[in-house]
Amino acid sequence: MSQKMEIYQELAKDIRLAEGLKSCMNCGVCTAICPAAEFYDYDPRIIAGIIQSKDEKRIEELLKSDVIWYCGECMSCKTRCPRGNCVGLIIMALRSLSQELGYFAESEKGRQQLAIKRVVGENIVYRGYCVLPENLVPEMHPEQGPVGEWIFGNKEEVYERVGANYNGEGEGALRKIPQESLDEIYRIFELTGGFERFDKIEYFSKEKAKSMGFTDDNEEYPDYVSHIFTTNNGKHNRQ
Amino acid sequence: MKKEGKIQVWQDYQKEIADDHYFYVRSCIRQNFFPGSEQTFLKILRKELDKDIYENPHHTSCSGIGYHSDIVPFDTIQTIVARQFALMTEAGYQNIAVSCITSFGIYNEIIETWKEYPAELEKIRGYLKKATGREFEVPENVAHASDIVYKFKEDIAARGKFKLINHKTGKPLKVVEHIGCHYSKMFPCKGVGGAEFPFVLAGMIEAWGGEVIDYPERRHCCGFGFRQYLIMSNRGYSVSNSRKKFESMEPYKPDFIVSNCPGCPMFLDRWQYVIEEMEGKTFGPDGQGIPVLTYEEMAGLVLGYNPWDMGMQMHQTNVEPLLDKMGIQYDPELKYANKHGKQIGHPTMVRCEINT
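As given, the protein sequences belong to chains A and B, one line each in that order. For the first sequence, our numbering gives the first residue as -1, with consecutive numbering after it. For the second sequence, our numbering gives the first residue as 122, with consecutive numbering after it.
Rather than coming from a laboratory, the hints here were simulated on the basis of the structure. All values derive from a computational prediction rather than experimental measurement. Using N, Cα and C, we set each Cβ at its ideal position, and we do this for glycine too. Some hints here could point you the wrong way.
Unchecked claim - A short list of chain A residues far from chain B (calculated; beta carbon distances all over 12 Å):
1) Ile48
2) Gln50
3) Asp53
4) Arg81
5) Glu182
Stated by the list, open to error - Under the rule of at most 25 Å between Cα atoms (straight-line distance), these lysine-lysine pairs were calculated in the DSS-like manner:
6) Lys446(B) x Lys11(A)
7) Lys456(B) x Lys153(A)
8) Lys446(B) x Lys456(B)
9) Lys153(A) x Lys164(B)
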């Protein structure tokens, strides 16, 4: 079996591909409704066409490209497709395989996965939340504005005022998740491939960081993380 | 389409919403940005409607933001969701009430996957048992928290102290409703009114005296896009989408925006500030922004709750113009006070915030 066939077959193992691509007639309704297609140089119709063609070379190019990282997964395409396809689901299958094979590190947008893993991923496993008030550092989130800065600087009092239970025991918003529950989430990640994905994101990112000249002695590669979080080459948008 | 036609279409998408006894699962985003809204929802159900709604402190994030930014595999999120269902089952509940649209979409996606691929369900049962020792039943009823407010909208109207009416002119307030993509775009039959004419918020607005604005980009995404907001260098995507909506709604002069999803109101609120900072452009009258509410806040105002108890001081775009129109009394001195009434600093004012 050729390498080309293996890539498509790997993709086809993801049930989201079967659900997302039944039969595409390339009408382009998905592109017409797609918020990403309006902003980025992105065309979901072409994605569906490439996957439907099973052209291994073009699929491999997709897996290494910025293109698959432009979708916002709003799933507006699902509502509008006259044949019930959903390019958003195809994209999810492509992104999973891109990370599995390490191809995500070949594109600027793909490399951003490390920053998401480091914040959202580790929040889920070690705190039980995707997002935490501590993440909303004003320098990283200027869009949160003066009110966001005020909340960040007075977290305990603000959250207490509005009835949250920030880092407290028992129920309530922003409560501390009991350790035994976090232990269960940890074991779920161990058993279901969650940590395997995290490890691949870390491994391929570090290899890429080294090849890009980020030879930081710190194993966490903070300069690389800062680079991928803030860099935009300005070539992604629809002109 | 004529109104009669719309009513006919959305009637085809009526969903069953459980009447009582809910197992509540919180939203990561709502807890961070609008925690008072979740408290308001629980207060309405327990104190106003005398419903049984239970929260187990051991429940966690569904990991949905991780799933939709593609760092969490499908097997992993399925098992985390199965764990939530196990907590529900162990507590003796069959109805799950979901605070988050992303979670709601994921719960529906996973349950539908299990129906179509029974082997997936068995695999996940095995993972959960091995990882936690737990077993679960699939919920009989999955409702977004807004579905429940919608179901009891007339009861809330009957208890209401205020209406969505300008108390000076007597005219209905004009309201933009934003549904949130994952409520019904993936599974139209899971949302009140489906994907084409979602009625979950429109029903509340009409029941409480307001007038729904139908504008061209009504169904457009707010621009969250998961990784498109999480990463700083991608945020142009996010603000551009919100801007498209603001420009589309502006000619209709909305009195406020109300949102179904936890993330959307934060973006529609904060991006107004950003656009003003970048371009000096505001979308409300007299250089002000358009107040952006959660549906829990809208219900709370109707019921006469204190806006600062509900956390409306956590909005970047000022809500006072709306409070004034509704004739709601509030103490501006207590807006930025702590639980004991002591000031805890004051955010720097910007034009979008100026209260008239």
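Hint check:
no. : hint                  : verdict
1   : Ile48                 : holds (19 Å)
2   : Gln50                 : holds (21 Å)
3   : Asp53                 : holds (23 Å)
4   : Arg81                 : holds (15 Å)
5   : Glu182                : violated (5 Å)
6   : Lys446(B) x Lys11(A)  : violated (56 Å)
7   : Lys456(B) x Lys153(A) : holds (15 Å)
8   : Lys446(B) x Lys456(B) : holds (18 Å)
9   : Lys153(A) x Lys164(B) : holds (23 Å)
Hint compliance for this structure: hints 5, 6 are not met, and every other hint is.
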